[in-house]
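Asker: Spelled out from the first residue to the last, the chains are:
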Amino acid sequence: MNCQRFESVVGDLARGQMMEADVRSEVLAHTAECSECGKRMRHEELLSQKLRSLAVEMNGLAAPVSIESDLLKAFRQPKNVPAPVVLANHSYRRYWLTAIAALLLIVFSVVAVRWRGERDPKHDAVNRPDPVRNELAVQPKEEKQEQAAVPKKEQPAKPKHRFTSSSLQAQNRPTRNKNNNVVSNHAEVATDFIPLGYMSVASLQEGGQVVRVEVPRSTLVSFGMPVNMDRYNERVKADIIVGVDGMAHAIRFVQEKRVQ
Amino acid sequence: MVRIPCDRIHTGYVTRVRIKESDQQMKPKTELTDSELLQLMLSGDEESFTLLYRRRHGGIYRFALQMSGSQQIAEDVTHDVFLFLMKDGHVFDPARGSVSSFLFGVARNYVLRRFRGEQAIVPLADDDDQQPFDQVTNEPGPLEVLTRTETVENVRRAVLSLPEKYREVVVLCELQEMSYIETAEVLGCAIGTVRSRLHRARALLLAKLRPADEAELANSPAVESARCFA
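Order-wise, the sequence lines are chains S and U.
Note that the numbering used here numbers the first sequence so that position 13 is 2, with each residue one more than the last.
Here the numbering used here = 1-based position in the second sequence + 41.
Derived from the structure by calculation, the hints contain no laboratory data.
Treat the hints with care, since some could be wrong.
[To be verified] Okay, derived cross-link-like pairs now, DSS-like style, lysine-lysine, Cα gap no bigger than 27 Å in a straight line:
1. S:K28 / U:K249
2. S:K62 / U:K128
3. U:K70 / S:K62
4. U:K206 / U:K249
5. U:K70 / U:K128
Put together the whole structure using the sequences plus the hints.
Answerer: Structure (structure tokens):
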């Protein structure tokens, strides 16, 4: 036993708590050997004694009889028995108020969104960029990247790679003709735009027009695409991008495909 | 052993309830446990409430008095605790401790609420507070009364001057003579926390009462002791 260990058990010993007999005898032996710990032990015992006397002094104290009679009166009142229900009602009222507020918020949000949605088409008709122009704005960049990656001489070997899923999707969308009412039953499959010459792609960012033309099928050879020689004199459709400078910047070949 | 008519035996749960009910009916109410009295009280039995109040109100009152040092607060807290039991007694969970621990826990909350709400400073010199301690003297000689009252008063002041978290442990463990487990249930903390707080609280009390103790020990015979080499 040392002083540190003594310190941890002195309180329990002074309070008369149960502890192992060995520990108890060791603690008592230590108090006989160590004057400081012996003194501490006596102080602790004196404190326990004083606290006990305080407890004894107060043992006879009790609440006045008037409290009991008040409580009995309260007990007899019927409203005190279902008190939790009163609390529950209060919470339900708060719950319903919250629910109504949330509902109103949702309704106003929906109305606001729909009202804004009604205004948007006019706004969009003026400001929304033309899908074709948008495509023009994006397409040449991709084209440039592809050209940088693939040497031009290898292009004839992989012509089908140009038919990307995005271009197919774009072409398969139902389109409106110039009368603006009839939906076409036809879909088109098109290649990506192929730049004509080494023109600056930056000029296409300013915009341009897509012009649908028909060219001899043999033109495909010029762009490294395979040609069926039995049909070499037929025509194929092509879209040409004409820039703001009036020059043709890119071409793509289009083939009609009936939607199933 | 309670005999149950065959027609009353249904499912296990119902049977158990029947046994409990018949037990309660056969036993006098004074022998019922706190938990059983609480159940009867919540079902509207006034006698059960009276019995439970008379059984437990003294401890609650003394706890509040020892914590606050004010007779008025102690009375209010006792009233509020049993009013709470009347209204919200159904929240008592036997799995979490005894009814007694539950009531002490509620009382502790009310006392602390009073402290927080009123910023109560314990009125040590209040004449009203001296009254309870004077009531219970057993008419010994005047000198003995004076010495004893002075000692007890010093300890009471020392306890009241402790910080709340130490005071409540001293009150519950030392003055209410609760075990560590019961105290931990009341305070809603671990037993180790109770032990360490009590250790610290006793150290603080010793420091506050040391001058008086030194004087008392000086009168007692000295103990021969060697120097501590541990």
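Asker: Look at each hint and say if it fits the structure.
Answerer: Okay, the hints, checked on the actual structure:
no.: 1; hint: S:K28 / U:K249; verdict: holds, 16 Å
no.: 2; hint: S:K62 / U:K128; verdict: holds, 14 Å
no.: 3; hint: U:K70 / S:K62; verdict: holds, 21 Å
no.: 4; hint: U:K206 / U:K249; verdict: holds, 17 Å
no.: 5; hint: U:K70 / U:K128; verdict: holds, 22 Å
In summary, the structure agrees with every hint in the numbered list given earlier.
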